[in-house]
Amino acid sequence: MSTMTINGRLAPLPDDPDALLVDVIRDDLDLTGTKLVCGAGVCGACTVLVDGAPVVSCLMPARAAANTKVTTVEGIGATQLHPVQKAFMAHDALQCGFCTPGFVVEAAAFCDSWRRDKGTAIPSREEIGAALSGHLCRCGAYDGIFNAVAAACAGHFDGVDPNPPRVEARQKVTGSAKYTVDIRHDGQLEGVLLRSPFPHARITELDLAPALALPDVSAAVSLLGDDRMVRYVGDPIAAVAAKDRKTALAAIAAIKMTSECLPSVIGLDAARKPDSPVVFEKSSRKKAGNVSEGAGGPAPWKGNVRGPTAAFSQKPKKVRSWVESARQAHDPLLFEATFRTATQSHSCLEPHAAVARFDGDSLTVHVSTQAVFHLMELIAKRYKLGHDKVRVIADHVGGGFGSKASFGIETTAAIDLARAAKAPVRVAFDRHEELSVTGYRPATEIAIALLPFEQGDLKALSLTAHADTGAATNSTIAALARLIYPAQAKQLADYDVVSNLPPGAPFRGPGGPPMAFALEQAIDEAALRMKLDPIALRKRWDPNPNRQRLYDWAAGLDVWRNRKTSAAQTGRYRRGVGVASGYWLYLWQPGVKIELKVEGGRLIASTATQDIGQGSRTVIANTVAHEFGLEPHDVDVRIGDSRLPEGPGAGGSRSTASVIPPTLLAVQKLKDAIEQNARRKPVAGSNAPWREMIAASPDLCVTSVRPEDSKPTAPGIRSPLKDAGFMGMIFGWMLRRFSNLAVGAGVPSSVQVIEVEVDTWLGHVRVLNVQTGIAVGKIAAPALARSQATGSVIQGLGYALYEARETDPRSGSVLSAGMEDYRIPGIADTPAISVHFDEAGFDHVLGGSVGIGEVATVPTSPALANAIRNATGIRLTEIPIRPDRLISALKGRTAA
Amino acid sequence: MTSAPMTASAPRAEFRAAGTDLSERRRSGVSKGPLIDLAAAPDTIGVTWGADGAATIGALTSIAAIGADPRIAAAYPGIAASALGLATPQVRHLATLGGNLAQRSRCWYFRDPHIACLKKGGSDCPARTGNHLYSVAFDLGPCVAPHPSTMAAALLGYDASIATSQRPAISIGELLGDGSNGTSDHALASDEMIRGVRLPAPLPGERALYKRAISRSHAEWPLAEVCARAVVSSGTFQFIRITAGGIAPVPLRLAACEAALQGKPASAAVIAEAARQAGSGANPLPMTGYKLDLLEGIVHDVLERLAM
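Residue numbers (numbering that gives the first Met the number 0), protein chains in the order written: chain A, 0 to 895; chain B, 0 to 307.
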């Protein structure tokens with residue numbers, strides 16, 4: 000048997016020629032800091048050092064490691080943290096942390112070699128970008144990573160251990176943070192799903208016996224619904240649990256089934272044809288998924304087209320007649336166009352995963368989820384168990400972005416298999432599953448008409464959106480145009496186009512980015528035609544007080560004031576500057592509780608929420624520490640466990656606004672209790688009175704519930720739904736009644752200014768700099784808010800420039816199901832990003848803070864397209880603006 | 000994704016060098032046959048130099064080593080730049096020159112274990128009538144996948160000869176075929192392996208550049224790529240050789256471009272006109288016409304810089 004030396008210890012290598020180094024490291028040696036993500040050498044999460052050189056362990060045969068020295072992230076900081084690890088902590092160069100170990104290993108090797116060759120010189124962004132080009136981060140922590148690597152190379156972190164702004168940063172940079180995929184119980188089995196190879200079929204017979212007959216296979220369960228239908232390639236059919244993945248794969252290959260294939264239809268254009276095969280008969284429409292954060296209302300269906308939902312329209316007949324008249328009169332101010340956006344995959348680096356384990360009649364499920372508490376309720380309901388018998392745990396979650404907010408098949412399959420096998424079972428999707436069947440932001444086609452009055456006010460606006468929702472419904476895109484730019488009349492119609500594609504899911508500001516892509520370009524075009532500054536026009540048409548302040552900020556930026564017109568440029572490279580606005584609703588979750596206690600002289604704050612990278616642990620720790628005059632590390636924060644008091648889901652940008660107000664109430668209660676129980680008052684003049692009081696306090700515990708916001712608000716601050724009249728009120732009521740989400744007063748807003756350079760020969764866009772102005776109230780954790788803001792921009796740039804799910808037009812098979820074909824931004828694609836926080840506007844919220852995650856990505860794609868328009872004179876109506884599209888547009892041709 | 004595979008190609012033994020291509024196909028189930036691991040021998044690893052200044056690179060030499068070799072960079076800058084331009088640092092540390100030449104297609108239909116295609120024993124090419132956004136613009140055979148080897152395109156431009164376990168010296172053309180065989184990515188016999196690559200001595204005064212068009216900044220398979228060598232003296236292209244990848248089932252020499260430059264002044268007008276010839280002879284698919292625009296752009300870019 001051959002061996003390797005790993006982190007200084009000898010370890011055996013398996014004889015299996017197909018064993019890969021990553022599997023030996025993770026499964027045999029339980030060194031779970033090394034992550035398996037893409038399995039194709041693209042993302043770098045599995046990077047380890049082999050004889051000092053960084054390599055992708057997901058592609059390296061284990062036997063090739065014989066007689067080598069291997070170092071994993073656990074070995075990098077084994078005795079003391081590497082300067083790179085300290086720099087990552089100090090610069091908050093991470094969010095969810097799933098990619099972090101790979102980045103740390105590579106950056107440490109780069110830093111060591113840089114220091115050997117160049118001393119403490121600071122590497123350029125280009126050098127860092129090239130060195131880390133084999134790593135991907137979906138949260139978009141690149142801005143912090145640039146700064147961290149530069150600082151580590153410069154020697155700034157050779158000494159002191161920093162106090163990181165993110166409280167769990169140390170676990171994430173050392174690889175000790177345990178994610179769901181890292182959980183391993185004794186006797187744990189591996190579950191794998193059999194998925195449909197057909198776009199549309201009825202599975203008439205399913206024989207699991209041949210799978211169960213194989214050695215080491217412990218359970219096989221059907222996942223078919225009562226109608227036994229599969230409606231897309233990849234629809235789950237069955238699942239098996241076996242001693243390892245290889246055995247489980249062999250078992251699902253042994254399952255026998257007979258099926259009756261049905262006619263199928265793929266995508267937005269085909270499914271809209273009147274004679275297209277119907278995906279959901281009337282009786283089965285409830286089986287469709289949901290692409291929005293809230294529950295949907297009733298809507299008409301015609302074949303595969305659900306809609307219109309047009310409740311947010313306002314005098315739509317007037318819009319039709321005014322636009323028609325303007326068209327007839329060739330009104331030069333009438334702008335009409337059709338915009339198209341691509342399907343965007345969440346691409347969480349930690350796949351959807353669940354590990355289920357029964358202990359008697361008690362069920363513990365580790366799930367990579369955005370909602371530990373709500374998921375516990377759903378599991379209890381489905382399996383008819385008491386809430387006290389179900390525990391959902393998610394200590395760390397490797398990204399979610401909306402796709403992990405629901406009760407997914409990975410969880411039911413793990414539970415069903417664990418029950419059948421009488422053993423713990425892990426189900427972790429592979430990358431093909433993750434990029435094909437776990438949800439996406441639907442592609443859209445948005446027809447827009449915008450008509451100003453001659454004297455310059457906004458007269459009429461029309462948006463008709465068709466969303467490519469696959470086996471799902473409830474897109475809300477056009478309707479969002481009601482809550483910005485008031486007009487005399489608006490016609491806003493949303494349609495879902497259902498087809499035999501996997502179901503879409505909520506994705507970071509569902510409906511917001513595609514709506515803004517169309518609307519904000521129409522506003523830009525209106526400004527051009529009216530010969531007005533696009534910021535000045537927005538200031539005129541958009542009275543929202545938060546954005547009014549952001550417009551003033553944007554108008555004063557040098558990059559904006561110094562922009563040129565497109566006519567001024569003729570060379571190969573052309574530069575342009577664009578602006579766009581975005582908003583999101585301020586949502587919070589009623590009923591959220593924070594428990595705050597003193598235990599053994601330490602403060603402990605608890606709530607059943609979870610941190611998917613947004614930083615809720617830190618927000619709570621900072622809030623408590625600030626009120627007591629302590630440091631964040633003086634507070635233990637317990638989250639990620641449904642046994643804790645009810646906490647918010649991480650979706651709808653609700654976390655911060657849901658946890659800070661009850662935390663502040665709890666702090667006041669606990670202060671009172673500590674004072675009442677104190678045997679003596681602190682020494683007069685003490686600079687840390689609460690530290691002494693807490694240390695001396697008996698154990699105490701208080702709990703507070705999220706209060707309603709105060710009614711009086713500053714002028715102009717009100718719920719945006721009030722601008723949508725009666726239907727707005729109904730919408731707000733439904734959201735609260737059916738989705739447990741309250742819409743608060745005030746509108747989280749973002750205005751972004753982007754400068755690009757277009758290479759007209761190679762159809763390439765280089766983003767030079769981004770200025771993002773954000774109004775979400777007071778910033779509770781500044782470094783983390785900055786990370787969210789820059790990460791949102793980077794994800795928005797991916798949406799605008801690179802990302803598109805590609806499918807086979809016949810079967811709907813997702814072709815871009817690997818990370819080389821589904822292209823998310825890399826570190827070298829990251830521009831300089833300046834973040835401006837405008838902290839006013841939410842004084843009616845206790846603590847003054849609301850969420851940032853969604854609003855910060857809404858304006859990016861139109862700001863970028865407007866910048867390209869400014870650079871080249873060409874308006875790109877379809878994203879992503881890839882080289883194929885841009886070069887065709889520049890040459891005046893239609894792209895394929 | 001996992002379900003009963005629909006392909007039924009007879010498992011055949013595959014050679015494995017570093018496995019950077021093969022491991023992904025093993026995991027997905029596209030490759031199922033027996034494996035034969037290649038062991039490094041003195042003649043298959045590292046670079047040896049002849050008295051005439053010609054280099055021979057062992058097949059198991061890593062791409063990173065080729066990219067980092069200062070003597071290669073001086074003598075064959077197009078080879079070094081190609082090596083540094085492909086994949087990612089962590090893949091380049093593992094991947095070998097021989098493996099790069101013998102790797103299989105990156106076509107997303109080929110890589111999907113549930114979809115039949117010519118390269119997996121199927122009867123037709125699903126990309127041709129399906130989604131072929133990244134396929135060829137020079138349609139030379141039944142399969143429309145571009146050849147994935149960046150090193151092959153560069154080696155073609157350097158007139159490299161390949162030593163195999165059965166043949167002492169074959170050309171890149173003989174190694175990869177002419178693109179008319181859609182079932183395979185190379186023309187090696189089933190038990191034939193690449194042992195090394197011999198490069199003729201460089202021409203006096205020659206320079207070379209490599210460039211690929213991609214949507215992001217790094218780490219992406221090329222939409223189109225070009226390696227160009229030139230000897231420019233007295234303001235004239237005394238020698239020019241342009242090869243391209245990512246656009247055809249095999250790497251191509253852009254003969255029409257070369258003809259428009261050979262012996263001509265290295266002027267902006269001559270270069271622009273030559274770049275316009277880049278797509279000469281192309282027959283793009285409905286979705287791949289853009290590759291010809293990109294090819295023209297890359298050729299224009301590298302020629303301008305070579306003429307400077």
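The set of hints was computed from the structure by calculation and includes no laboratory data. Do not rely on the hints blindly, as some may be mistaken.
[Said to hold, decoys possible] Only part of the chain A face toward chain B is listed, based on derived beta-carbon distances under 10 Å:
(1) G40
(2) L222
(3) G359
(4) H763
(5) L767
Bear in mind that the values here come from a model prediction, so they are computed numbers and not experimental data. Virtual Cβ for every residue (Gly too), placed ideally from N, Cα, C.
Verification of the supplied hints:
Taking 10 Å as the C-beta contact cut-off toward chain B, the hint placing G40/A at the interface holds, the least distance being around 5 Å. For L222/A, the shortest C-beta to C-beta distance to chain B is roughly 13 Å, which exceeds 10 Å, and the interface hint is violated. Annotation: G359/A was flagged as interfacial toward chain B, and the flag is violated, the nearest CB pair being 32 Å apart, outside 10 Å. Evaluation of the H763/A hint against chain B yields a held restraint, the C-beta minimum of about 7 Å falling below 10 Å.
With 10 Å as the threshold, the beta carbon of L767/A stays out of range of chain B, its nearest partner Cβ sitting at about 13 Å, so the hint is violated.
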